[in-house]
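Guided by the hints, dock chain B onto chain A, whose structure is given.
Spelled out from the first residue to the last, the chains are:
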Amino acid sequence: MPKVTVDGQEIEVPAGATVLQACELAGKEIPRFCYHERLSIAGNCRMCLVEVKPGPPKPQASCALPAADGQEIRTDTPMVKTAREGVMEFLLINHPLDCPICDQGGECDLQDQSVAYGRGGSRYGRENKRAVTEKNMGPLIKTIMTRCIHCTRCVRFSEEIAGVDEIGALYRGEDMQITTYLERAATHELSANVIDLCPVGALTSRPYAFEARPWELKKTLSIDVSDAVGANIRLDSRGREVMRALPRINDDVNEEWLSDKGRYMVDGLTRRRLDKVWIRKSGKLAEASWDQAFKAIAAAKPGKNIAAIAGDLVDCETMFAAKALLGAMGSTLLEGRQTGMDYDVSNMAAVAFNSTFAGIETADAILIVGSHVRWEAALVNARLRKAVKHGAKVFVVGPEWETTYPATFLGEDVGVLGKLPKDVSDAFKGAERPAIILGGAALAKGALAPALAFADKFGLVNDGWNGFNVLHMAASRMGGLMLGYAQAGGIADIAAAKPKVLLSLGADEVDYSAFDGVLKVYIGHHGDKGAHAADIILPAASYAEKDGTYVNTEGRVQYAEKAVFAPGDAREDWTILRALADALGVSVGFDSFADLQGAMFAAVPALGEEGLADLGALPKGDAKAKADGVITYPIKDFYLTNPIARASAVMQQCSAELLHGDDLAEAAE
Amino acid sequence: MSVLGKIFTWWDGATIGTLLNSWRTGEQVGTDAQGNRYFRARKTPAGTNERRWVLYAGANDASRVPPEWHGWLHGHFVDVPESLLPPAKIWEVEYTPNATGTLGAYRPQGALERGGRRAGASGDYESWTPDS
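Top to bottom, those sequences are chains A and B.
In terms of full-length UniProt numbering, the first sequence is numbered consecutively and its last residue is 669.
In terms of full-length UniProt numbering, the second sequence is numbered consecutively and its last residue is 132.
Cross-link-like lysine to aspartate or glutamate pairs, in silico, EDC-like; alpha carbons within 20 angstroms at most:
id, chain 1, residue 1, chain 2, residue 2
1, A, Lys276, B, Asp131
2, A, Lys281, B, Asp131
3, A, Lys284, B, Asp131
4, A, Lys529, B, Glu126
Residues on chain B that point at chain A, a partial pick, calculated with CB under 8 angstroms:
id, residue
5, Asp124
6, Glu126
7, Trp128
8, Ser132
Computed list of chain A residues with no C-beta within reach of chain B, every gap over 10 angstroms:
id, residue
9, Ala300
10, Ala349
11, Ala514
Calculated from the structure, these hints are not laboratory results.
Beta carbons are placed, not taken as given, at the ideal position from N, Cα and C, and that holds for glycine.
Bound-form chain A, shown alone (with noise of 0.2 angstroms):
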């Protein structure tokens, strides 16, 4: 632990610190361009000049410069600040003056910076500046290159990160140009991360390209639900509309990365909203009123024969008002998982991320089986790159996918799991942290009970260590799970049943095909399949538009809050539940939204608390248990998985140009 004195104050610093990183544990602000806590350490902006000594009378880099026992580092003398001030004045030779037409305005690390090391005038009045051909990094990064500083901050994320070498440098000295190889667009799913990372409005958001300033725009904490990871967000709003989503930091869940789906999906709640009420008159659906709606509902006289179908995006709330009111009617008829999945659900240990995200990358040894992680948990394969850099094994069941780090594929079918190879068994066996990743493709062919025997087997649980972890891929899994939401023969069970009336709560993943002459009650907030397929749609609220609480993969619980409301008629979930209670002439026991949710917390007091939930010890293993089959993976298109992603124009482009890019070329051809 070296002790180092920071402008006269003395501190300990951790071992392999960097003097920088003394600086920020003594409170001193460091300007700084290319230096970034997550990504290795570059040193090429300068501006994080400080005095040191022992050493060369001149300033130093203090970002590269590791902190050493006895140092004495001054950051306010002004040897300091001219040093600064001339890095700055260097950087501003070639930085246009555009900044009241640039999209990084108001949150520009340069602005910001210059307020406080800028020259008032420039001295480089006569000389051109030098100017930058735009790149084409796809549908979502705008380039300004004109703008770049040359940081290398997004080269490196895209390198450490990412794992794809999708953008690098050309030239050198002042020529340098930050570009994607061959001029393709950046296609991995954590590419609009680099917008972010951008110091400069080099790199801004092509669909927000003009549309706000950061100042205008009311900021709310909300959780990601395009995927089972609940990233952290926030959501950026103008009046009714939201217009950006951008990551929170959170080093437990997303660290402080986006996948590119929750950040650009947000354009797909201004369509396909369902903003009337809808009734189905002879086969085809009328515009109705709230009234008109629940006495056709009624009219069905369900009694028990109601049912619930969550979707895969709704919060703890709505899951457990519809729980409710199917309880007053005296049905238990509730089902989340869509495409028709029945694991075993008794313990819930057996179906979460047990590891946690930030725990996975101390694994070393990690089965995959039946989970295209890229493309189901883009953050969680960021976290298995890490978990392989520092020497983790990573093996795969299931078809071939571009994994960003070595990984060895085992073949698709999912009987593998009980006969694994000499080399991959002796792998696990010599591992201390082994883990298995089990996906839903997985899950589908009934691998779970196997799984959990190779749990056993191979000494997943340890002392301080689960290694067992099941990944989801929707938001409101975990916690529907948890509030009962699961039949033991699955959705099968639901149609076997012959409810009257069929709740669907944003369900559009259902096969409706088994539900005829079921009333089918469609509460959710876009036109998708479930609208389609309703008999009567009431409109309800996304997830921007209503408070709610979700529960990641790992059993994390996490609150999200209201950002806009929603457009038209439409109404907040829980509210039209008990609407239709009082319709059916039943009582649900709340009505306020902290009746509600306190009702919620009683009943399953897990979710009452923030963070990660207690799900138990992980069941035994049966030994026998087996499965086979060939696992295909549920999801063929990334960038459209949901309703909200679906209807956005955004993310329908990124399908059609990154993912379909090579087809349309072709039929250019």
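What follows is chain B alone, placed relative to chain A:
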């Protein structure tokens, strides 16, 4: 205009008193394209300006006076416009009174009365219909 209307209203054309006064003390000097009649006093006391006035054909709206007669009414022209001004050119647009408050009033582009659609703004959304 009914007789009762003439007696009890003042906004359409001259009142009975004005008509009487115009007949008694004034003489008509001309009419404009809209049928408004222009009068001047027969006698002008020494040292005062000639009295000039207009009787509207229809609504009493000062904007219905075309510019040439406006000039005459306000004493800019010594004599009636026809005697001073060059004849109207064929490309000259006919004078129109102020249309504010009428159906012909100007509506900016995008006004609903003009059948316009406003430009997109934040908060706009596209609603779903069963046919979409």
